[in-house]
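Generate the whole structure from the sequences, applying the supplied hints.
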Amino acid sequence: MSTKPAVKPAVKPAAKTAPAKRKADAAVATSESIDNQIAAFLASGGEIQSIPSGTSGQTYGKPASKTAAKPQKA
1 MSTKPAVKPA VKPAAKTAPA KRKADAAVAT SESIDNQIAA FLASGGEIQS IPSGTSGQTY
61 GKPASKTAAK PQKA
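Residues in the sequence shown are numbered consecutively from 1, following UniProt numbering.
You can take every hint at face value.
Simulated restraints on C-beta separations:
| no. | residue 1 | residue 2 | range |
| --- | --- | --- | --- |
| 1 | Ala29 | Gln58 | 25 to 31 Å |
| 2 | Phe41 | Gly61 | 30 to 36 Å |
| 3 | Gly61 | Ser31 | 36 to 42 Å |
| 4 | Ala29 | Gly54 | 24 to 30 Å |
| 5 | Ile38 | Gln58 | 23 to 29 Å |
| 6 | Glu32 | Gly61 | 39 to 45 Å |
Because the hints were derived from the structure by calculation, they are not lab data. Even glycine gets a Cβ: it sits at the ideal position worked out from N, Cα and C.
If you want it as structure tokens, here you go:
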């Protein structure tokens, strides 16, 4: 029997990594802060529109043409 010499695994240098980024705070809004924002909006001349339930801003149909305008004859 032949004996093999013990082989040490290659040692990798310690990886240099950037420090962990701190996560952003969760967005939290209280009803009081929302009321204050609404009051400020109305005080600055803003207007609140009432939109019927089920109404969507989604438009359907063929998209507008994006062709260049034809030059006009002189």
